[in-house]
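Same order as they appear, the protein sequences are chains A and B.
Taking my numbering, the leading residue of the first sequence gets 1, the next gets one more, and so forth.
Taking my numbering, the leading residue of the second sequence gets 1, the next gets one more, and so forth.
Check each hint, because a few of them may be wrong.
[Unchecked claim] Label pairs and their calculated CB-CB ranges: (1) B:Asp-53 <-> A:Ala-14: 33 to 43 Å; (2) A:Ser-100 <-> B:Gly-524: 52 to 62 Å; (3) B:Pro-139 <-> A:Ser-256: 54 to 64 Å; (4) B:Lys-122 <-> A:Asp-198: 29 to 39 Å; (5) B:Arg-732 <-> A:Thr-184: 44 to 54 Å; (6) A:Asp-209 <-> B:Arg-16: 45 to 55 Å; (7) B:Ile-186 <-> A:Asp-13: 41 to 51 Å; (8) A:Asp-41 <-> B:Ile-186: 23 to 33 Å; (9) B:Lys-122 <-> A:Ser-100: 33 to 43 Å; (10) A:Asp-41 <-> B:Phe-152: 24 to 34 Å; (11) A:Glu-285 <-> B:Asp-383: 30 to 40 Å; (12) A:Asn-24 <-> B:Lys-129: 30 to 40 Å; (13) A:Arg-321 <-> B:Tyr-142: 32 to 42 Å; (14) B:Arg-732 <-> A:Leu-62: 23 to 33 Å.
[To be verified] Heads up, simulated DMTMM-like pairs for lysine to aspartate or glutamate below, C-alpha to C-alpha not over 20 Å straight-line: (15) B:Lys-122 <-> A:Glu-40; (16) B:Lys-686 <-> B:Asp-448; (17) B:Lys-122 <-> A:Asp-41; (18) B:Lys-136 <-> B:Glu-311; (19) B:Lys-269 <-> A:Glu-177; (20) B:Lys-269 <-> A:Asp-41; (21) A:Lys-26 <-> A:Glu-177.
[As the list claims (entries may be wrong)] A short, non-exhaustive set of chain A residues, derived as facing chain B with CB atoms under 7 Å: (22) Arg-44; (23) Leu-120; (24) Ala-126; (25) Ile-141; (26) Gly-143; (27) Ser-235; (28) Tyr-236; (29) Tyr-272.
Please keep in mind that the hints were generated in silico from the structure rather than gathered at the bench.
Idealized CB from N, CA, C, for every residue including glycine.
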Amino acid sequence: MRTFSYVRADDVDAALRAITDEPNAKFLGGGTNLVDLMREDIERPDTVVDITRLPLAEVEELPDGGVRIGALLRNSHLAAHPVIRSRYPMVAQAVLSGASGQLRNMATVGGNLMQRTRCLYFYDDAAACNKREPGSGCAAIGGFSRSHAVLGASASCAATHPSDLCVALAALDAIVELRSSRGTRRVPLVDFHRMPGDTPEIETVLADDELITAVELPPPPSGVSRYRKVRDRASYAFALVSVAAALDVQDGVVSSIRLALGGVGTKPWRAYQAERALLGAPATEESFRAAARAELADAVSLPHNEFKIRLAESTIVAVLRGMS
Amino acid sequence: MSEQGIGAALTRVEARDKVTGAARYTADVVLPGMAYAALVSSQVSAGRLRSLDVSAAKAAPGVLGVFSHLDRPTWHRVPAIPYFGETRMPFSDDRIHHAGQHIAIVVASTRQQAAHAAALVKAEYEAGKPVPTLEKALPSAYVAAQGNYVNFPQETVRGTPEEALAGSPVRVKAEYRTALISHAPIEPSVTTATWEGDELTLYDTSQAVVVHRGLVATAFGLPEDKVRLVCPLIGGAFGAKTHVWGHTLLVALAARRLGRPVQVVITRKQMFTTTGHQPPTVQRIEIGAERDGRLRVITHDSTNSTSFVAERPENTVLSSVATYAVPNLRTRVRLARMNFGTPTAMRTPGDGPGSFALECALDELAHELGADPVELRRRNHADVHPQSGKPWSGKNLLECYRIGAERFGWHRRDRRPGTRREGNDLIGYGMATARRVEHHRAAESTVDIRTDGGVVVRTATQDIGGGTLTTMIQVAADALGVAPDKVTITVGDTDLPPGAPTFGSITSGSNGSAVRLAAQDARGAAIRLAVGDKGSPLHGLAEDAVDVRDGRLFAKADPRRGETYAVLLTRNRVNPLRGNGKYSPAESQYETSTFGAHFTEVRIDRDLPRVRVVRHLAVIDCGIVLNTKTARNQAQGGIIGSIGVALMEELRQDPVSGRALAPALTDYHVPVNADIGQIDVHFVNKPDHNSNPLGAKGLGEICSIGVSAAVANAVFNATGRRIRDLPITPRRLL
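One chain only, chain A, in its complex shape (with noise of 0.2 Å):
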């Protein structure tokens, strides 16, 4: 634990002033994360700019049918709004599905898109991590692997992206809203999150002097959707595997196809591949196994983390399969 400075931000520019003003500043949101990762002495801000008082806890109805949902909105809000129930349910499930009744009280939207990740050797101070301290190595690869990432991995760092909420949304090709005293810019939900190549400690194009304000959802793809998460204990267990999926079938045959993958890459993986290879295509158990080890086919384990391609399969198989 460092010592730190405290400053809290009234409005989204005061924010903006105070994240350019002070050096080595972070926003602080829920607090989830980031508190967590101080007390490890992990991440090291001299300053914190507490964002919670911003007026951005809406979730507003867009004309073209889609919604905006602010960055500081809490996660136990988001999955109980009856517009995200009723209209993107794998959003509410997926929220649902992490962490904890009092965990979600506290975290933002926001900030569960900068959550980092639970790799054991990030959390162990004493163990090189190439995203903790960069070019320190990574203890992990030749270490326990049995979390680690099989998609997206590099030699610096196989560690996965953490989130369920964004697994969910890379599914349903959300925008994220930045601003930052530059202006404003939108990226999609799938390029907001960076693979590890050699700087793994870059996790986002996020600036360091910008603002995530809102998360917005083009309107829901057509069919049913599903969130489904497996790890090792009923609740508040990171996911071995998670799938996000949003499923339409006519005439027996896929006629539209959203998938993405959590606990198995290390960025929130949409599964590009495997859409590829389902629409149009018999919505039969064969198809959605073609399809699952079409995307897994570039898999490449660790130790201890090869049961995670198998896994990945057997889920991408069951979800689709309770879903046609």
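Keeping the supplied structure of chain A fixed, place chain B upon it in accordance with the hints.
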């Protein structure tokens, strides 16, 4: 159930305080001028400290002192094991035996200042090459010589095991592994130390204040009566607070050096590395049997890890020695040293991992024979203790099987694995036997009857969450003939009569017996006072012509003739009337154990194979049950804990450094509510007066023994897959 208390389903007396937050735990102790400590942990698993720079920490705001091996603390003497967990005293030298080892203690005016300054201590290491895991330690496994923790036979031979194996028509042989698991109580370990001259008071999360007092006195070279240990309530222990660990002595040391009270609350990470754990085991079992299922022979070889500063064998093999009637037997326990913290007792030491191996092997034998698992166990029932040949003080195991099979619907089990399905779920039934040696300890108590009719029980035992405060009240109320709500109790303080430790399932039997004897003593004294008192309506009666009920003494022959304790004592100006109870277990002609049978139903999704225990039934024979409500609650807790051991608990280690990879309860999995199905507990509830005067025996451990085997056996019945390594995670079933 006695009308005066024993067996009544009373709500625990501290329940309201606990749910309203009024209950005071050890971390709630605040003393005038108290400072706060934080412990600095070694980052490496082996080697030595090359240097330790504490200058930045000493200069940090609020810091009052920083101590380490550089200050050369002089311990008077290394206390004998047990109950100090290790052979090395903290800060003795610069050597590192495990990651997480305390290397410095920082004391500051606030908890936050101490934590901050602890992070500023800079250690440089000359890192050695650690033995990181049990797997890597196995090649150097050895049989320990007797002494210290090594207090049971490391090798046992009965009959001619090798010949018996060779001549057995049916044999099964398998290797089982249990994981490194951690107690993970919600309340971490806490110590507050304060000195007045040469007198030390410790507020400590202790499962045994009396035993620990002697140990602390030894370390500091003090007479026992100069040390006081106080432990108001414990928020979970499971064995983690059975021994004194280094932090307790270090805080006492810092408080003495600084001349003010000091408190430390162990961090969650340190709970995983410095207050013990259950070591991983590798167990090889071979069974030879007749075709009708009668056991001819069992061999059981077990190896567990231990640290480089303690030799602690896990008594897994007692399961094979003492559970079934088997004429030939060979057991052996070996130790393998690894660079990890020292293991300790954890619910349930020995029998937890041991019964997993033995009861799974029995299930494998039943499958091999095409026999019913319950019937196989009945056929091998031990009518007398199979090693000593002594009779049991009380044993109702056959009744446990009968009641359990009936209530569970065991007959619905299909012997062919993988055949019962519902939708996408595979369904399996499994069962196992539970057996635990009942330990006895000397214990003392006083029971005071006051002139207002109130009763006070005083005994230095502890309540670790099992309901001891309430059950001891019930024992006193029953023996005195008063309503339980007239009785209050004070425990957890060495100023009280020395009570029993609250570990090893000995509180109910041993401390309960002391309370009973004290209450009987007080009641007898009151009756003698009455019959000898001319002012009493009972004057002149024989003592045995008087009975007591609801606080009123009366003539058995004429219940209208009598008076209350309050009236008797007030008139005689006796306040209080004290009864003394001293329970001293004697050498017995009996073997005493507790018994039980577990039945469990699992369901497993074929595609996503996470095991769900949807239904569990335990039938337990632990003598007379003191309180059916707290007992059921304790048994359910023990069963849930063991379901966790079966399905998810494992303190994972880095295979290179051996470091524990569990920064928090987020990562160290125990069951959450959503994991728990229906759990039924049935008690045979027959007193065992051959065991102790009260007839009650321990429950805390018997309820959890055999659960992991029952679950694994159910998984086999559901899937046809025999998982011999715990925990049974989805990964192992894919």
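Structure-based check of each hint:
1. B:Asp-53 <-> A:Ala-14: 33 to 43 Å: 41 Å Cβ-Cβ, so the 33 to 43 Å window holds.
2. A:Ser-100 <-> B:Gly-524: 52 to 62 Å: 55 Å, holds
3. B:Pro-139 <-> A:Ser-256: 54 to 64 Å: 59 Å, holds
4. B:Lys-122 <-> A:Asp-198: 29 to 39 Å: 30 Å, holds
5. B:Arg-732 <-> A:Thr-184: 44 to 54 Å: 50 Å, holds
6. A:Asp-209 <-> B:Arg-16: 45 to 55 Å: The hinted range 45 to 55 Å holds for Asp-209 (chain A) and Arg-16 (chain B), with Cβ atoms some 53 Å apart.
7. B:Ile-186 <-> A:Asp-13: 41 to 51 Å: 44 Å, holds
8. A:Asp-41 <-> B:Ile-186: 23 to 33 Å: At roughly 24 Å between Cβ atoms, Ile-186 (chain B) and Asp-41 (chain A) fall inside 23 to 33 Å, so the hint holds.
9. B:Lys-122 <-> A:Ser-100: 33 to 43 Å: 36 Å, holds
10. A:Asp-41 <-> B:Phe-152: 24 to 34 Å: For Asp-41 (chain A) and Phe-152 (chain B) the Cβ distance comes to about 44 Å; the hint is violated.
11. A:Glu-285 <-> B:Asp-383: 30 to 40 Å: The hinted range 30 to 40 Å is violated for Glu-285 (chain A) and Asp-383 (chain B), with Cβ atoms some 56 Å apart.
12. A:Asn-24 <-> B:Lys-129: 30 to 40 Å: 38 Å, holds
13. A:Arg-321 <-> B:Tyr-142: 32 to 42 Å: Hint violated: Cβ distance 54 Å, outside 32 to 42 Å.
14. B:Arg-732 <-> A:Leu-62: 23 to 33 Å: 47 Å, violated
15. B:Lys-122 <-> A:Glu-40: 16 Å, holds
16. B:Lys-686 <-> B:Asp-448: Cα-Cα ~29 Å, so violated.
17. B:Lys-122 <-> A:Asp-41: The given pair, whose Cα atoms are some 14 Å apart, holds under the 20 Å limit.
18. B:Lys-136 <-> B:Glu-311: 17 Å, holds
19. B:Lys-269 <-> A:Glu-177: Judged against 20 Å, a Cα distance of about 38 Å means the pair is violated.
20. B:Lys-269 <-> A:Asp-41: Within the cut-off at roughly 14 Å; holds.
21. A:Lys-26 <-> A:Glu-177: It holds: about 18 Å lies between the C-alpha atoms, which stays within 20 Å.
22. Arg-44: Result: violated, 10 Å to nearest chain B Cβ.
23. Leu-120: 4 Å, holds
24. Ala-126: At about 4 Å, which falls below the 7 Å cut-off, the nearest Cβ of chain B leaves the hint on Ala-126 (chain A) intact, so it holds.
25. Ile-141: 11 Å, violated
26. Gly-143: OK, holds: Gly-143 (chain A) within 7 Å of chain B, min 5 Å.
27. Ser-235: Since the shortest Cβ distance to chain B is 4 Å, the answer is holds.
28. Tyr-236: Constraint on Tyr-236 (chain A) satisfied, holds at 5 Å.
29. Tyr-272: 24 Å, violated
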